[in-house]
Every structure is written in C-alpha cells, then in structure tokens.
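> Residue-level listing of the chains:
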Amino acid sequence: MTFVGRSVLHTLRTPDALVMAIALPTMLMLLFTQVFGGAIDPTGGYVDYVVPGIILLCAGFGAASTAVDVANDMKAGVIERFRTMPFRAETVIAGHVVASLVRNLVATGIVIGVAVLVGFRPNGSPLEWVGMFALIAGYILAITYLFAAIGLAASNPEAANGYGFFLMFLPYLSSAFVPVETMPEWLRPLAEHQPLTPIIETIRGLLLGTEIGQSGWWALGWCALILGVAVVLTRVLFRAKAGRR
Amino acid sequence: MDAITVRGIRKSFGDNAVLRSIDLAVPAGAVFALLGPNGAGKTTLINILSTLVAPDAGTAHVAGHDVVREPERVKRSISLTGQSAAVDEVLTGAENLRMMGKLSGLDRRSARRRAEELLERFGLQDAARKRVGTYSGGMRRRLDLAISLILTPPVVFLDEPTTGLDTRSRQALWDEIRGLTANGTTVLLTTQYLEEADQLADRIAVIEHGTVVAEGTPDELKARVGGGEMLTVSDDAGTVLAELPTDGTLAGLRRALDGLAGDGLAETDAASVALRSPSLDDVFLAVTGAPANAAPAASDREPALASPKG
Chain U
1 MTFVGRSVLH TLRTPDALVM AIALPTMLML LFTQVFGGAI DPTGGYVDYV
51 VPGIILLCAG FGAASTAVDV ANDMKAGVIE RFRTMPFRAE TVIAGHVVAS
101 LVRNLVATGI VIGVAVLVGF RPNGSPLEWV GMFALIAGYI LAITYLFAAI
151 GLAASNPEAA NGYGFFLMFL PYLSSAFVPV ETMPEWLRPL AEHQPLTPII
201 ETIRGLLLGT EIGQSGWWAL GWCALILGVA VVLTRVLFRA KAGRR
Chain Y
1 MDAITVRGIR KSFGDNAVLR SIDLAVPAGA VFALLGPNGA GKTTLINILS
51 TLVAPDAGTA HVAGHDVVRE PERVKRSISL TGQSAAVDEV LTGAENLRMM
101 GKLSGLDRRS ARRRAEELLE RFGLQDAARK RVGTYSGGMR RRLDLAISLI
151 LTPPVVFLDE PTTGLDTRSR QALWDEIRGL TANGTTVLLT TQYLEEADQL
201 ADRIAVIEHG TVVAEGTPDE LKARVGGGEM LTVSDDAGTV LAELPTDGTL
251 AGLRRALDGL AGDGLAETDA ASVALRSPSL DDVFLAVTGA PANAAPAASD
301 REPALASPKG
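One line per chain: the protein sequences are U and Y, in this order.
Residue numbers for the first sequence follow the UniProt record's numbering, so the first one is 1 and each next one is one higher.
Residue numbers for the second sequence follow the UniProt record's numbering, so the first one is 1 and each next one is one higher.
Take the hints with a grain of salt, since some may be wrong.
[What the hints assert, rightly or not] Here are some, though not all, of the chain U residues that point toward chain Y, as calculated from beta-carbon distances under 7 Å: (1) Thr26; (2) Asp48; (3) Lys75; (4) Val78.
[To be verified] Covered by chain Y, per the in silico footprint, the following chain U stretches (three or more residues, Cβ under 8 Å): (5) 10-20; (6) 101-108; (7) 190-203.
No lab work stands behind these hints, which were simulated from the structure alone.
Keep in mind it's a predicted model, so treat the numbers as computed, not measured.
The beta-carbon is built from N, C-alpha and C at its ideal position, and this holds for glycine as well.
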C-alpha cells in the first residue's frame with residue numbers, strides 16, 4: 001500500500017507523464033475525428049469507430065511511463081535499501097503497476113468524456129460498460145506489467161523509454177483506426193491476429209453493439225497471456241538484477 | 001558479546017577474488033571501521049553482511065543471526081546506508097522519512113512523529129517540505145542516515161558515509177555517528193580516510209586485496225607509523241625527496257632530521273620541510289611495506305585515494 005501511495009505521489013509530482021497520457025491521445029482523437037475523419041467516412045460516423053482504438057492507445061501511453069519509473073528505481077541506491085529491509089523488495093514493482101492502473105483508468109474516463117463532446121454516441125448497457133472497463137483494466141494491467149519488465153531489462157531509464165516506443169506502435173497496425181479489410185493483403189494477417197484487434201473489437205461491440213463473436217475470448221486470452229508472461233518475466237528479471245549475487 | 005562475527009568469508013566475481021578469507025569480530029556497541037583503498041573489498045563485505053550478496057565460503061553472523069541462513073532475521077536487525085544516497089528525489093525529505101517509516105512497519109502516526117524527530121535531529125526541518133532533488137550532497141547524506149535510523153536497529157552499516165562531503169557536513173555527520181553508540185547501537189563503517197577512522201572508530205581493520213592486513217585501536221595502528229606526524233622534505237619542484245615518521249616529540253623530530261642526513265640527502269637539495277598527518281598510505285606502507293594503491297582498483301566507484309583536511 002505504501003508503495004502505491006509513493007507511486008501515485010510520483011505521478012502527481014511529474015505531471016508531464018499524466019499530461020502525456022491524456023493530452024496526446026486526446027489530440028490524436030481530435031486529429032482523427034476532425035481532420036482525417038471527414039475523408040475516411042464522409043457521413044461523420046468515424047468518431048464512433050475510432051474511439052475504442054484511442055482508448056487503448058491512451059492506456060499504452062499511460063503505461064509506458066512505468067518502464068521509466070521502474071528503471072529509475074533500479075538505478076538509484078533505493079532498491080538496495082529496500083532489499084535490506086524486512087519485506088519483499090519486489091512489492092515496489094507492484095506499487096508502480098497499481099498506480100499505473102489507477103492513473104490510466106482516470107485517463108480513460110477523461111478520453112471517453114472528450115469523445116462524447118465531439119460526437120461519440122455509445123449505446124452500451126450499464127453491464128456492457130462495466131464489462132468494457134473491466135477489459136480495459138485487464139489490458140492496462142497486462143501492458144503495465146510488460147512495461148515494468150521492459151524497465152527492468154533496460155540498462156537505464158532513457159533506454160527504457162526507447163524500448164517502450166515499439167509497443168506504442170502496435171495500435172496503428174490493428175483495427176483501431178481503419179478496418180483490417182482495407183489493409184494490403186500481406187499486412188492483414190498480422191493486423192488481424194495481433195492482440196489489440198480482438199480487444200478493440202470487443203470494446204467496440206460492448207459500447208456500440210457491433211458483432212463481437214470470438215473476439216471477446218481472444219481479448220481475454222491475450223490479456224491473460226501477456227499478463228502471465230510479463231509477471232514471470234518481471235520476477236525473473238528482478239531476481240537477476242536485484243537478487244543475491 | 002560480539003555484534004558481528006565473520007569467519008573465513010570469501011567472495012569472487014568471476015576471476016576477480018574480491019575477498020580472500022576475512023575474519024573479524026565487532027564488539028557490540030562499538031564503532032568499527034573498515035579502512036582500505038578502492039577495490040579492497042570493503043563494500044563487498046558490507047553487502048555480504050547486509051544480505052545483499054551471498055558469500056562463496058565462510059560464515060558471518062550479525063546480531064546473532066547467520067547472514068546466509070537467516071537473512072530475514074538479519075534484515076530486522078540492521079540498516080544499510082550505501083555509497084549512493086538511497087533517497088527518493090521526487091518526494092520531500094519528510095515524505096521520504098514517513099514512507100520508509102511505514103515500510104518499516106510503523107503506523108501512520110508513529111511514522112509522522114518519528115519523521116519530525118529525525119528531521120529536527122539532523123537539522124533538516126527547514127528543508128522538510130522541499131523535494132530531495134533540490135538538496136545539497138550533505139543534506140542528502142544526512143537524510144539518508146536519518147532514514148536508516150528510523151527504527152534504531154542494533155547494527156548500522158555505513159558505506160563510505162562522508163565521501164564527497166565538505167568539511168562542515170563531514171563534521172556534522174561524524175557527530176551523529178558518534179551519537180549512535182550512546183544507546184548501544186553497533187556501527188560498522190567503511191572509509192578510505194585514516195583520519196575518519198581515527199576520529200570515529202573504537203577499532204579499525206585495515207583491508208587490502210580482500211584480506212585484513214592489520215587490526216587494532218586507532219592508537220595501535222598509528223603507533224605503527226610512529227604515532228606522530230610525518231616529516232616531508234621536498235625540492236624546488238615540489239617533488240618529495242624523503243618522508244620520515246615522527247612520534248610527536250621534539251626528540252623524535254630531531255631523530256627524524258638526523259635520519260635525513262643518514263639517508264645521504266644533501267641539505268642544499270631540500271627546498272622545503274613540512275609536517276603532515278599520517279595518511280592511509282603511511283599506514284599501508286608501515287603494515288605491508290607497499291603503498292596502498294600499488295594494485296589497480298577493480299570494483300569501487302570512488303575516485304583516487306585522498307586524505308581530507310579536517
């Protein structure tokens with residue numbers, strides 16, 4: 001708990017991470033709906049299509065700073081002190097993860113609010129909203145843990161920041177912004193089978209009533225898989241980096 | 001009763017044998033200094049005793065607990081202040097102390113009270129609500145030490161506590177370290193400075209190349225370099241021509257001067273004569289017959305050996 005408080009304080013003290021997590025996706029959304037939107041879908045319905053993708057993009061941006069936070073903790077002498085105190089030093093990672101979850105859910109709420117202002121008209125039932133937030137929370141948890149592992153693997157905070165950018169690229173190669181069917185033949189399998197597409201399709205279905213089909217299970221499966229791998233990876237890397245030598 | 005016992009501890013990192021069989025006994029309530037140059041193995045020994053590093057061989061007990069078999073019990077009995085200040089730069093001084101208090105198991109109110117006490121004791125009240133990122137080196141070190149004293153553990157490890165500090169901060173920190181033993185705390189510190197060990201320690205172990213080359217009280221060690229100041233003779237260019245130990249008496253100084261003539265040093269060559277405090281190098285020379293930095297430093301981060309002017 002104390003570590004969660006610490007990480008939340010960190011977030012509030014470094015507002016650039018929070019601004020980045022909210023402002024950037026919001027600007028991208030405005031860009032896509034107001035600037036490109038007319039060309040992509042002249043009837044003005046593009047906002048409904050793109051919002052679920054923006055929500056995931058937002059979660060990605062927000063989680064990325066976890067990699068830098070974790071790398072910073074491993075660099076400083078702080079971790080050595082934690083390791084000589086009578087608790088599991090790994091809980092410092094959990095603190096960052098929970099703080100990221102809170103931070104990103106707040107950011108998601110704000111992004112949805114702005115989306116409604118520019119014409120997003122979801123028709124999900126309360127239950128579907130709950131389901132959507134649960135799925136987004138699961139996705140944030142999974143990707144945050146992945147970023148935590150990246151933070152541990154990176155040799156310094158700057159490198160952690162760099163590796164993170166790779167993951168942020170994934171949403172563009174999914175059905176987030178344009179339907180997969182419009183992509184060239186060779187790209188389609190990648191876009192269709194990468195983790196983000198089913199997650200986005202599920203959110204779309206929950207909020208707008210489009211066809212979910214198998215996407216729901218794929219979405220849950222991907223989140224669970226990413227989370228599982230990332231947790232194991234985090235543990236192994238933590239042992240390697242901050243275990244007894 | 002010994003607070004720390006070390007028997008036959010060895011540790012290598014790859015081919016680099018950092019510790020080659022160390023034996024030590026630190027009496028409870030004492031300030032014990034590990035004195036040695038960069039790469040001597042001081043930090044590695046501290047890390048083994050604070051459960052951060054596992055030894056390759058040998059046994060060590062801290063506050064009666066085996067560091068290999070009972071690390072959790074050892075952790076409950078110690079605090080470590082490492083070479084790089086383990087403070088959270090984004091938080092304020094008060095927040096750092098409160099957070100570490102809560103992590104140490106204090107409830108919110110006790111953590112708050114303890115933080116205020118320590119801020120006052122270490123002269124940090126004025127900076128309590130400022131972010132640690134804005135602190136000076138001395139303030140960081142003081143906060144770092146304050147954090148490690150939140151629970152007043154029976155054994156406190158200080159790894160080069162004053163390296164990089166100015167004279168005034170060093171003096172202030174020395175006073176705090178001296179005060180620790182007043183309530184029975186045992187302090188094991190590492191230093192490169194004979195003067196610091198002399199000022200603080202009840203006993204000193206001189207470490208070089210991973211072995212203890214001398215151990216005793218500060219007076220015993222200084223007696224091995226003559227017990228007084230060093231007489232240094234230099235030429236015009238500042239090159240040291242001769243160095244001789246004195247024992248602090250006029251007769252000793254005269255003997256040293258006579259010794260110069262015995263060395264065949266022509267008086268016309270000597271441009272200046274000076275007396276200086278014995279340094280770590282002098283102790284090493286006396287104990288091992290070789291200068292301390294004869295071997296290249298391998299693992300430590302600190303810059304070259306130097307003696308602070310107190």
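> Please go over all the hints and tell whether each is borne out by the structure.
Now the hints, each set against the structure:
{"no.": "1", "hint": "Thr26", "in the structure": "violated (25 Å)"}
{"no.": "2", "hint": "Asp48", "in the structure": "violated (40 Å)"}
{"no.": "3", "hint": "Lys75", "in the structure": "violated (9 Å)"}
{"no.": "4", "hint": "Val78", "in the structure": "holds (5 Å)"}
{"no.": "5", "hint": "10-20", "in the structure": "holds (count 3)"}
{"no.": "6", "hint": "101-108", "in the structure": "violated (count 0)"}
{"no.": "7", "hint": "190-203", "in the structure": "violated (count 0)"}
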